[in-house]
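Trainee: Working from the sequences, and respecting the hints, build out all of it.
Okay, here's what each chain looks like letter by letter:
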Amino acid sequence: MSQTAAILDNYAGESPGLIANLARFLNAGALAGTGKLVILPVDQGVEHGPGASFAPNPDGYDPAYHVQLAIDGGLSGFACPLGMMEVCAPLALDRVPRLLKLNSATVLTKVQDQSIMASPRDALRLGCQGIGLTIYPGADKFEEMLEEARELVAEARALSLPTFIWAYPRGGTLTKDGETALDVSAYAAYVAASVGAHVIKLKPPTAHIELTNAGPAYADWAPNSTLPERIAHIRQAAYAGRRIVIFSGGARKDDAALLEEVAAIHQGGGFGSIIGRNVFQRPRAEALALIGKIIAIYAAS
Amino acid sequence: MSQTAAILDNYAGESPGLIANLARFLNAGALAGTGKLVILPVDQGVEHGPGASFAPNPDGYDPAYHVQLAIDGGLSGFACPLGMMEVCAPLALDRVPRLLKLNSATVLTKVQDQSIMASPRDALRLGCQGIGLTIYPGADKFEEMLEEARELVAEARALSLPTFIWAYPRGGTLTKDGETALDVSAYAAYVAASVGAHVIKLKPPTAHIELTNAGPAYADWAPNSTLPERIAHIRQAAYAGRRIVIFSGGARKDDAALLEEVAAIHQGGGFGSIIGRNVFQRPRAEALALIGKIIAIYAAS
Amino acid sequence: MSQTAAILDNYAGESPGLIANLARFLNAGALAGTGKLVILPVDQGVEHGPGASFAPNPDGYDPAYHVQLAIDGGLSGFACPLGMMEVCAPLALDRVPRLLKLNSATVLTKVQDQSIMASPRDALRLGCQGIGLTIYPGADKFEEMLEEARELVAEARALSLPTFIWAYPRGGTLTKDGETALDVSAYAAYVAASVGAHVIKLKPPTAHIELTNAGPAYADWAPNSTLPERIAHIRQAAYAGRRIVIFSGGARKDDAALLEEVAAIHQGGGFGSIIGRNVFQRPRAEALALIGKIIAIYAAS
Amino acid sequence: MSQTAAILDNYAGESPGLIANLARFLNAGALAGTGKLVILPVDQGVEHGPGASFAPNPDGYDPAYHVQLAIDGGLSGFACPLGMMEVCAPLALDRVPRLLKLNSATVLTKVQDQSIMASPRDALRLGCQGIGLTIYPGADKFEEMLEEARELVAEARALSLPTFIWAYPRGGTLTKDGETALDVSAYAAYVAASVGAHVIKLKPPTAHIELTNAGPAYADWAPNSTLPERIAHIRQAAYAGRRIVIFSGGARKDDAALLEEVAAIHQGGGFGSIIGRNVFQRPRAEALALIGKIIAIYAAS
Amino acid sequence: MSQTAAILDNYAGESPGLIANLARFLNAGALAGTGKLVILPVDQGVEHGPGASFAPNPDGYDPAYHVQLAIDGGLSGFACPLGMMEVCAPLALDRVPRLLKLNSATVLTKVQDQSIMASPRDALRLGCQGIGLTIYPGADKFEEMLEEARELVAEARALSLPTFIWAYPRGGTLTKDGETALDVSAYAAYVAASVGAHVIKLKPPTAHIELTNAGPAYADWAPNSTLPERIAHIRQAAYAGRRIVIFSGGARKDDAALLEEVAAIHQGGGFGSIIGRNVFQRPRAEALALIGKIIAIYAAS
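Residue numbers (the numbering used here), protein chains in the order written: chain S, 1 to 301; chain U, 1 to 301; chain P, 1 to 301; chain H, 1 to 301; chain V, 1 to 301.
Don't read these hints as lab results, they were simulated from the structure. A hint or two may mislead.
Chain copies aren't distinguished; within one or between two, either way the pair holds.
[Unchecked claim] Under the rule of at most 25 Å between Cα atoms (straight-line distance), these lysine-lysine pairs were calculated in the DSS-like manner:
1. Lys-293 x Lys-176
2. Lys-253 x Lys-141
3. Lys-293 x Lys-141
4. Lys-203 x Lys-141
5. Lys-110 x Lys-203
6. Lys-253 x Lys-203
7. Lys-110 x Lys-176
Mentor: Written as structure tokens, this is what we have:
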């Protein structure tokens with residue numbers, strides 16, 4: 001488990017309890033000890049609605065389905081909001097590390113903000129090993145979201161729970177392309193790390209450069225031609241590799257494209273993937289098969 | 001009481017104290033042990049005004065009238081706001097399980113929000129077995145309401161009190177038809193469950209589909225042709241039947257229509273009804289007779 | 001003192017300490033034991049300005065003048081804001097029950113809100129037996145006012161102090177006539193009771209019906225032809241007589257009109273009067289004479 | 001020291017500790033025991049800027065200069081904001097009573113509000129005998145300022161510290177003349193007393209009458225023809241002389257006018273002066289000479 | 001170390017623990033005991049983005065690079081936000097005094113405010129000897145920022161940590177030139193001192209005079225012809241030299257201009273420099289050479 005130890009060295013200032021919880025994710029499932037993570041997040045029922053999320057595979061209406069999938073698939077972790085976790089916790093116990101997603105938004109309102117729907121203490125009560133939070137860098141409420149994030153990170157730390165931050169730029173003066181632009185993504189990762197994230201979740205960055213004031217730097221040296229190169233730059237922006245960054249799978253896509261993206265993340269030095277709809281919107285057997293392929297990519301050296 | 005036990009299995013992560021309080025409702029009155037609930041809510045005096053609520057049957061101006069009706073009718077529970085409960089509590093003691101409705105709105109103002117008018121600690125002080133809360137999914141203040149709900153759910157849980165959430169979509173970009181649309185109702189139930197509701201109260205859903213972004217899911221598979229089918233879908237959206245969902249009676253209507261609706265809820269797998277004006281806006285003898293018919297429907301297997 | 005005991009039965013759920021404090025008002029002065037209250041409120045200095053309030057009788061600039069008037073007049077209670085009470089408390093000690101008026105507005109600003117200028121703990125410190133609060137049903141800030149009221153009621157209850165709520169509809173979509181309309185007054189009394197008021201203060205209601213949505217109820221049955229009938233309806237709306245409702249005297253008027261109004265309140269079953277300017281804006285001897293006549297009306301059976 | 005004792009009788013409800021601190025001001029310096037106060041406030045550096053305040057006499061840039069001036073001039077007290085007091089406290093120790101001015105505004109922004117820049121606990125830590133607060137009666141934020149004042153007064157009282165309120169009407173619908181109008185000044189003094197001020201600071205009132213709704217009272221009886229008459233009316237409005245009211249000196253003016261104003265304040269029964277720029281914007285020797293003349297006026301019976 | 005002792009005399013009211021922490025900066029590195037400070041701040045990654053900050057010298061993506069530079073350069077201190085400090089703290093231990101920068105802004109949003117991203121308790125946990133805060137005198141949110149500053153200063157003091165305030169005027173009615181105008185800079189320094197800053201960071205002031213209401217003072221006597229004269233005026237405004245003021249280096253410029261500016265700060269009596277981009281945006285050897293030259297200027301008497 002040398003990869004785990006090397007990664008944890010970068011969190012040397014944290015308490016043994018928090019480091020042990022972070023180690024649970026790195027030492028769980030099929031990728032244990034490789035320094036790579038594959039996590040199943042199921043917050044789409046709140047974010048997009050239950051029908052939009054689970055109608056393609058109605059087994060997914062049952063919270064128990066997902067946590068069992070994470071266990072059986074040998075995943076590194078499982079994440080969901082409060083109500084679902086209250087169903088899943090007695091079923092999962094210690095068979096898969098779990099993140100309680102503390103805040104969520106719905107498509108019912110257009111406000112670019114997240115509602116805090118659970119507390120770090122709920123995570124502790126439900127036997128989770130970490131908390132998850134979303135921030136929207138660039139949004140009109142970004143300042144408030146950062147201050148909330150600071151408070152939740154501090155509260156979680158006091159309970160020895162690491163924080164995983166979903167950093168999803170949007171809103172304000174950002175263009176739609178800017179939401180996944182390389183420079184914006186690097187900035188989002190940097191700010192998430194700065195507010196104390198232990199693990200950062202981003203969408204895979206595109207080659208687009210958004211910020212004109214960031215222009216000079218990226219004009220001289222823009223590492224944006226290939227996805228592995230862009231992933232490597234994000235890793236650099238996340239304290240030169242000292243903070244774990246994992247990448248989301250996004251909306252349902254064909255398997256070849258998904259696996260190619262995963263391979264590029266691995267090649268660029270990304271720490272793993274957090275993939276929801278691409279996994280749970282298909283029958284269980286197909287889902288387990290896909291998970292197996294993703295794990296195989298990250299397990300290769 | 002096997003139905004009670006089967007239902008309570010879905011709340012396995014809660015404290016014995018909270019489960020015991022939830023069991024009080026399931027094991028009370030004429031429907032004890034059937035897994036079905038019929039509850040009398042009397043918050044209309046605040047929501048619509050005392051004259052609009054009680055002039056049809058002036059006995060209703062007296063809080064004591066209602067709690068006695070719930071006791072004599074063999075109901076599963078009784079719900080009302082703070083001031084009324086302060087009158088009712090010494091009269092009811094343990095003869096009917098009671099919910100303190102913590103927040104309320106009035107028609108005196110047009111703001112789509114609820115004022116918090118009591119605390120979970122008031123519920124404990126008054127011998128109640130649970131708290132009631134209203135949220136307005138889709139409203140401009142929905143994010144704040146969710147955060148308030150989270151705090152009250154947590155505070156109630158710390159006192160071993162379960163939370164019943166009235167999920168009433170309205171406001172924002174929702175159309176009037178959208179307030180009871182099947183997709184919006186399912187979404188509302190899902191979000192209420194996600195913030196930690198133990199029991200969810202909805203209006204019976206219509207066949208209307210509101211959300212264009214939820215379209216694909218419901219386009220392929222819209223279980224909306226009959227009320228039982230729609231009720232079954234709501235049950236599915238509430239964690240595949242793992243969370244209790246009950247349905248309101250709405251404005252005064254003729255008895256045949258009301259009883260037909262109740263039968264459809266029962267047929268679709270709904271867990272019961274929460275009926276106010278249809279009961280208390282008629283003389284006591286007639287009210288008891290109607291309650292008897294509703295109970296008879298749910299008592300049938 | 002059988003009237004006192006009968007009234008206090010309706011507060012059976014409260015602590016002996018709170019009931020004892022409420023009993024202090026019912027058992028004080030010339031109306032002790034009759035179940036009726038006449039209270040002197042002196043918050044007009046803040047609400048309308050010292051000149052507008054006290055120039056007609058400059059003795060009134062001195063807080064000590066008023067509390068002595070309440071004692072010498074055999075009144076049931078005395079109410080004023082913090083600063084005045086700080087002067088009056090060492091002078092009154094236990095010679096007249098006292099309410100600390102916690103919130104106030106000024107005519108210096110046009111905002112329809114009240115500033116909280118004292119706390120329930122101040123009431124305890126100053127030897128008061130209750131707190132007073134104003135709410136504005138219908139105002140744009142009504143929701144916030146209700147939530148503040150809830151907190152202050154709870155805080156006062158924890159100190160065994162009963163709460164007297166001044167329910168003064170205004171603002172929002174209410175017309176000027178609507179502020180004292182019978183339906184709006186009944187609604188205001190009901191909401192004040194619902195948030196936990198032990199005693200409610202209203203202006204005498206007029207025959208006007210304001211709310212169109214309350215129309216059907218009041219269309220069928222509008223008890224609004226005489227003031228005693230209207231008072232009786234307010235009593236009904238206040239939990240069928242289970243909550244004490246007293247009525248204000250309003251702006252200075254001629255004595256005959258005032259005494260006629262008091263007689264109508266008594267005839268309709270009102271619990272008493274709370275009269276300020278009509279009392280303190282005249283010389284002391286005349287004020288005592290008027291108080292004597294008001295008391296005589298309520299003392300008659 | 002009979003004047004001190006007579007004044008303190010009006011604060012009989014306060015703790016011995018608070019009364020002792022208030023007595024410190026009344027028993028300090030050249031006016032000890034006369035019932036009169038002359039206080040040096042130095043908050044102009046924050047309110048108007050250091051250059052605008054201290055360039056006329058650059059010795060004033062040093063906080064130590066001012067507190068030494070207060071000591072050497074035999075003043076009753078010294079007031080300044082936090083940072084200055086942190087320099088002055090170790091120098092003054094118990095040689096002059098001191099007020100910590102808790103809130104301040106700057107001319108850098110146009111908002112009619114004050115920022116709270118220190119706490120009552122800071123006053124205790126720095127050995128002060130009281131706190132100072134500014135409120136703006138009539139301003140758009142007046143309600144919030146009153147609520148903040150209430151909290152700070154309560155917090156200071158819990159530490160046995162009296163509160164001095166700077167009551168400076170402005171903003172909202174007030175005209176410029178209205179800011180020092182007799183009726184508005186009397187109202188401001190009354191509200192400051194009502195929120196619990198122990199000492200009130202006003203600007204000397206003019207003969208202008210501002211409030212139309214206060215018109216009748218002042219129409220019948222307007223004590224506004226001379227400054228002593230107006231001062232006497234302010235004293236009346238401040239609970240018939242039961243609360244100490246002192247008057248500010250305002251912007252730099254010629255000495256004759258200033259001393260004439262002081263004499264009028266004394267003649268009208270005012271309790272003293274609080275004079276800053278007229279003192280510290282001249283050389284030390286001249287400042288001490290002027291202080292001597294002011295003290296001599298108040299010392300005369 | 002007589003200079004250290006003389007400076008610390010001005011903080012005589014603080015606890016020995018806080019003074020010891022302030023002394024750590026004055027007694028560290030190559031300038032120990034001279035009364036001068038040169039500090040390396042690395043908050044530009046958050047303020048301007050990681051690419052804009054570190055692309056010129058990619059070693060800077062790694063937090064460890066900067067703290068080692070501060071140690072090896074013999075600097076008086078090192079400052080950075082939370083996430084970076086969490087990496088740096090285990091590496092630095094007691095080899096360089098450290099400030100935790102508690103608030104930060106990003107160029108992703110246009111709001112002129114700072115998000116609080118860490119707490120004084122975080123500074124203690126990470127072994128820092130002080131906290132850093134930015135305020136924007138003149139900004140629309142300046143009042144809120146001052147109140148937040150007051151709370152953080154108090155919280156830090158309770159942990160014996162001194163506060164360094166970055167006072168950067170901007171926004172509201174200030175012109176771009178006004179942000180560094182002499183009068184505005186002096187005012188900003190004065191307000192920062194007034195809210196309790198122990199050390200103040202400013203940009204070097206220009207000769208521009210911005211405030212028309214400050215005009216008279218500066219019209220008679222404007223010490224603005226040379227940079228040393230302006231620095232001396234800032235020192236005067238900071239309580240006549242009783243508070244430490246240091247000056248930032250600003251955007252990357254040529255070395256000769258930078259060193260000339262440093263010499264002028266020294267000549268005018270400034271207490272030192274806080275220089276980031278001019279140091280870390282060049283290779284390490286060049287950076288150490290430049291640091292050496294800056295230190296040499298301040299070390300000269």
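Trainee: Each hint: holds or not?
Mentor: Hint-by-hint comparison with the structure:
no., hint, verdict
1, Lys-293 x Lys-176, "neither (31 Å within a copy, 47 Å between copies)"
2, Lys-253 x Lys-141, "neither (31 Å within a copy, 35 Å between copies)"
3, Lys-293 x Lys-141, "neither (39 Å within a copy, 44 Å between copies)"
4, Lys-203 x Lys-141, "within (20 Å within a copy, 29 Å between copies)"
5, Lys-110 x Lys-203, "both (21 Å within a copy, 24 Å between copies)"
6, Lys-253 x Lys-203, "within (14 Å within a copy, 37 Å between copies)"
7, Lys-110 x Lys-176, "both (16 Å within a copy, 18 Å between copies)"
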